[in-house]
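Chains as they are written, first to last, in this note's numbering: chain A, 1 to 318; chain B, 1 to 456.
Be aware that a few hints might be false.
Said to hold, decoys possible - A few chain B residues that face chain A, going by a derived Cβ cut-off under 8 Å, partial list only:
1) THR113
2) ARG131
3) THR139
4) GLN313
Source of the hints: derived by calculation from the structure; they are not laboratory data.
All figures in this text were calculated on a predicted structure; none of them were measured in a lab.
Even for Gly, the Cβ is constructed at its ideal location relative to N, Cα and C.
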Amino acid sequence: MTAATGGYAETLPAPGELGPALHLPHLEVLESEGIHIMREVAAEFERPVLLFSGGKDSVVMLHLARKAFWPAPVPFPLMHVDTGHNFPEVMAYRDDVVERFGLRLLVASVQDYIDDGRLRERADGTRNPLQTVPLLDAIVDNKFDAVFGGGRRDEEKARAKERIFSLRDEFGQWDPRRQRPELWNLYNGRHKPGEHVRVFPLSNWTELDVWQYIERERIELPAIYLSHERDVFRRGGMWLTAGDWGGPKEGESIERKVVRYRTVGDMSCTGAVESIASDIAEVIAEIAISTITERGATRADDKLSEAAMEDRKREGYF
Amino acid sequence: MSVGDTSTMTATATEQPVQSSGAPAAGSVARLDSNIEMLRFATAGSVDDGKSTLVGRLLHDSKSVLTDTLEAVQRASRDRGSDGVELALLTDGLRAEREQGITIDVAYRYFTTSRRKFVLADTPGHVQYTRNMVTGASTAELVVILVDARKGVVEQTRRHLAVAALLGVRHLVLAVNKMDLVGFDESVFTAIAADFATAADALKVDGQVVIPVSAQLGDNVVEPSTSMPWYSGPTLLDHLETVPVGYDAWLQPARLPVQYVIRSAEYRGYAGQLASGVIERGDVVVVMPAGLTSTIVGIDTFEGEVERAHAPQSVTVRLADEIDVGRGDLIVHPRQEPPVVREFDATLCQLSDRTLRAGDRVLVKHTTRVVKAVVASVNHRLDIETLAHEPADSLGLNEIGGVTLKIAAPLAVDDYTSDRLTGSFLVIDDHDGQTLAAGLVGDPIRGATVSGGGAT
């Protein structure tokens, strides 16, 4: 018994006979799937929105969106949930991209919520968990019915079971036991008024796929993804950026390090990794031999408990 | 569970099943290749066959588990009072699963070797197995079915096999696990392989491979076994890395379901992902179900025009004539048109706890078109072990059966056995939007084909 290929009809050309051009590399398979998902959403939903933080996953999503509808413009706006503690380089990048590609951007501001008392600053100064309320309010206020997120299933165990179309109730909650089965390339986006669907076009991508795709497509990223010198201090096993947002505190000392970021998020809980990778190819080489997952290396909020992500997702986090 | 005397030479591996192997330096350079193939596969097994351990072993030994993930699993293993690392914990994702020690839902895993990128749909083997396995197998090109060497081919194995055959999975692997617990005995393996071949042949499944493994000890998962010198075939990973994939879709007639019409001032293009086949600029095409003919004058991508495109590429085509084309239409070549039907026979896998009966009004989502439908009749229920058709007037959760559907608008459908994407559909509840059933046009196991009867 062997791996038979005898299922092909005699009259069809054998694999390879039509030439190597028909072998589709994995990045193209992933790209085609992502574009297919975006077009399905644009066709079936009234008011989609794409969550855009300037982070590499959202940048890749935007790239897919531009490809999916070209030569027409991207038919939905972007939304950024701004914690108020974002890296200035990332904000500049975000605004530049919006301008350059003629996009529409909405900003939901955590700072506004803190300023008018709707949210309270946490004792640890971390603002990532505070994003949920402004996000859900913005979804309701704008009547968004589909929300593209850059989540990938390889990021974390709870994500491994999330669908590409993930139905959320009026409170934005995810119920893993009531997910719809997803078969072939057929997505069921039907929802009741007030509900919305989170859509994850990068579900089947890994961190390495994202980086390889960025290299292949020559996609520009915020500068902090590449190696640079920075004033940092040590907290919770991570190198955090020194700044007005709340660090360093007493007992923590500033050091000048050569670092880069593997994810970009809130400055209070996004750690830098020591790295001399100064271009995408070097980043890829570094990732390929890295032994720490992306979230483990750089996200303090996921370390709180093993079920941390699952709990936040149930509550309506990205 | 006791380890047999014959396996003492590898018993040390049980005590220290997992080492944090540090940087996966070996192979890391090859992993930089961004031009590798992708294989989607699924795993299926009964409770206690050791499937989670096998998957954990595959991820671990292929150096796909990173240090902090492994540390979390080591911590969790200690918390549960076990020595060493429970590889199964690498794959049990949700809190409820860890608490109850079961797997609830299909989980997707990703790993890359120097030869391929793998997308694994890990399907649980207990109560909801049909629903989950149908889901996992729908996108899989290969299914790994596990059996316990002490039990051999059991009822559940035949069910898994039948579901894989039904869903048109071309390559099957039977992993005979726990070989260490039968003393690595060749005759046990040979008998199981023969049973499996009989069952698979009855379903006309071509690509079968049977591999003796010990997920617990790692034999023949990634590393060849030293305890089974009588086995000269590939390890599981070897096979996954070399089995031919992805060659089917573009050898079939071209099928381009129109997803979206892209319009701008002077542009009108029909966007979609090729379900199968190849299209070229200059091709004469027919737009189904209306049957209008035109010519492809351009195939556009973001990077510019291309001469041809093939499945599964997402493209945008321009047509020579101003004809009415919209979402839900299907672009094909002349003389390769699928039948256009108003009523057709299909096989349904019931995914919801709502029972389906004759007279039920539902929605059918087929490629990019959603149409109203009514279940004209429930024709039979499939006995998944004997493959016999039993009389039935309803289909309950996890049941598979034949129905006749009447639809409110004509659909261009292929038989599932000739095209997986234009031969499949979802049955959706019009009221609450639930996905009720997975639909396959025709009777994939018996091979009955869709007829053009009832065509408009």
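Outcome of the hint check:
About 12 Å separates the beta-carbon of B:THR113 from the nearest beta-carbon of chain A, more than 8 Å, and the hint is not met. Hint on B:ARG131 holds. Least Cβ distance to chain A is approximately 6 Å, under the 8 Å limit. The criterion of a C-beta within 8 Å of any C-beta in chain A is met by B:THR139, whose closest approach is roughly 6 Å, and the hint holds. A least Cβ separation of about 5 Å between B:GLN313 and chain A falls short of the 8 Å threshold, and the interface hint therefore holds.
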